[in-house]
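Start from the sequences and build out the full structure, keeping to the hints where you can.
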Amino acid sequence: NAGVTQTPKFQVLKTGQSMTLQCAQDMNHNSMYWYRQDPGMGLRLIYYSASEGTTDKGEVPNGYNVSRLNKREFSLRLESAAPSQTSVYFCASSFGQGDGYTFGSGTRLTVV
Amino acid sequence: EDQVTQSPEALRLQEGESSSLNCSYTVSGLRGLFWYRQDPGKGPEFLFTLYSAGEEKEKERLKATLTKKESFLHITAPKPEDSATYLCAPFGGGYQKVTFGIGTKLQVIP
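These protein sequence lines are chains E and C, in that order. Residue 101 in my numbering sits at position 101 of the first sequence, with consecutive numbering throughout. Residue 81 in my numbering sits at position 81 of the second sequence, with consecutive numbering throughout.
Do not rely on the hints blindly, as some may be mistaken.
[Unchecked claim] List of simulated lysine-lysine pairs, DSS-like, C-alpha gap at most 25 Å:
(1) C:K79 <-> C:K105
(2) E:K9 <-> C:K42
(3) E:K71 <-> C:K97
(4) C:K97 <-> C:K42
(5) C:K97 <-> C:K57
(6) C:K79 <-> C:K59
(7) E:K9 <-> C:K105
(8) C:K69 <-> C:K97
(9) C:K79 <-> C:K57
(10) C:K42 <-> E:K71
(11) E:K57 <-> C:K97
(12) C:K79 <-> C:K42
[To be verified] Cβ-Cβ distance ranges computed for the label pairs, FRET-style:
(13) E:N62 <-> C:P40: 25 to 33 Å
(14) E:P39 <-> C:S7: 13 to 21 Å
(15) C:N22 <-> E:P83: 29 to 37 Å
(16) C:K59 <-> E:F95: 18 to 26 Å
(17) E:S51 <-> C:E17: 40 to 48 Å
[Said to hold, decoys possible] So these bits of chain E aren't anywhere near chain C, every CB distance computed over 10 Å:
(18) T15
(19) G53
(20) R68
(21) N70
(22) E73
(23) A82
(24) V111
(25) V112
Calculated from the structure, these hints are not laboratory results. Predicted, not measured: the structure shown is a model, and the values here were computed from it. Every residue gets a Cβ at the ideal spot worked out from N, C-alpha and C, and that includes glycine.
Next comes the structure, spelled out in structure tokens:
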């Protein structure tokens, strides 16, 4: 009963480095999402994938790219990390629009 | 621009002391509202979806209600394990139209 699995849990990057956050779900959900959570702000949508084969920008997509590898997996890539990308990143999934999301446990990323 | 305000920001209750959390919002084309619970260091956990004014949903000591402009999360006789941050998220049409509030941090003292 894994739900949504994110890796890694913690990461420290130097400015300009790149990395990929991995996310996989085992609930046969159609839609997947990447959010970031910063102190004093609500969760903000970075990118989403309504269904396998599609991806779309959310509220804060600059500096990020995504890949929906298959129905289970949705990765988030930072090509050139900046200190402003220091945050906690959450992957989530749902059957569709308007359905409750299942969130992963998060990745705490620090960019120095 | 869609906006969500949750109040209070923090709430401290004695075990058994009932109270309510408020979520007020301005969302164009509102289709519904989510409530989530978030424990420290973890991802949000889905609690309820409300779709129309007047709708109520219950789960253990929690009851969520919805009006046209706000939602309430009532906590009856809370226990220490109810301590968490509670997030509301009204949503309109489109996947990107889910707006999360900052949350209410609830602490229940034995």
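### Message
A range of 18 to 26 Å was offered for this pair. Does it hold for the Cβ distance of K59 (chain C) and F95 (chain E)?
### Response
holds, 19 Å
### Consistency of the no-contact label for T15 (chain E), given chain C and a CB cut of 10 Å
holds, 26 Å
### Pair hint K9 (chain E) and K105 (chain C), alpha-carbon separation not exceeding 25 Å
holds, 23 Å
### Query
Quick one, are K42 (chain C) and K71 (chain E) close enough, alpha carbons at most 25 Å?
The hint holds at about 24 Å.
### Query
Can we confirm that no CB of chain C comes within 10 Å of the CB of N70 (chain E)?
holds, 19 Å
### Message
Hinted pair, alpha-carbon criterion (25 Å max): K69 (chain C), K97 (chain C). Please report holds or violated.
### Response
Holds: K69 (chain C) and K97 (chain C) sit about 16 Å apart, inside 25 Å.
### Query
Should the label of A82 (chain E) as a non-interface residue stand, given a Cβ cut-off of 10 Å to chain C?
It holds; A82 (chain E) is separated from chain C by about 23 Å at its closest Cβ, greater than 10 Å.
### Query
Is it correct that the beta-carbon of G53 (chain E) has no partner in chain C closer than or equal to 10 Å?
Nearest chain C Cβ is 15 Å from G53 (chain E), so the label holds.
### Hinted pair K97 (chain C) and K42 (chain C), Cα distance within 25 Å
holds, 23 Å
### Message
Holds or violated: K71 (chain E) and K97 (chain C), Cα atoms, limit 25 Å.
### Response
holds, 22 Å
### Pair hint K97 (chain C) and K57 (chain C), alpha-carbon separation not exceeding 25 Å
Satisfied, since the Cα-Cα distance of roughly 22 Å is no more than 25 Å.
### Query
Beyond 10 Å from chain C, beta-carbon-wise, is V111 (chain E)?
holds, 20 Å
Every hint, counting from the list given before, is met by this structure.
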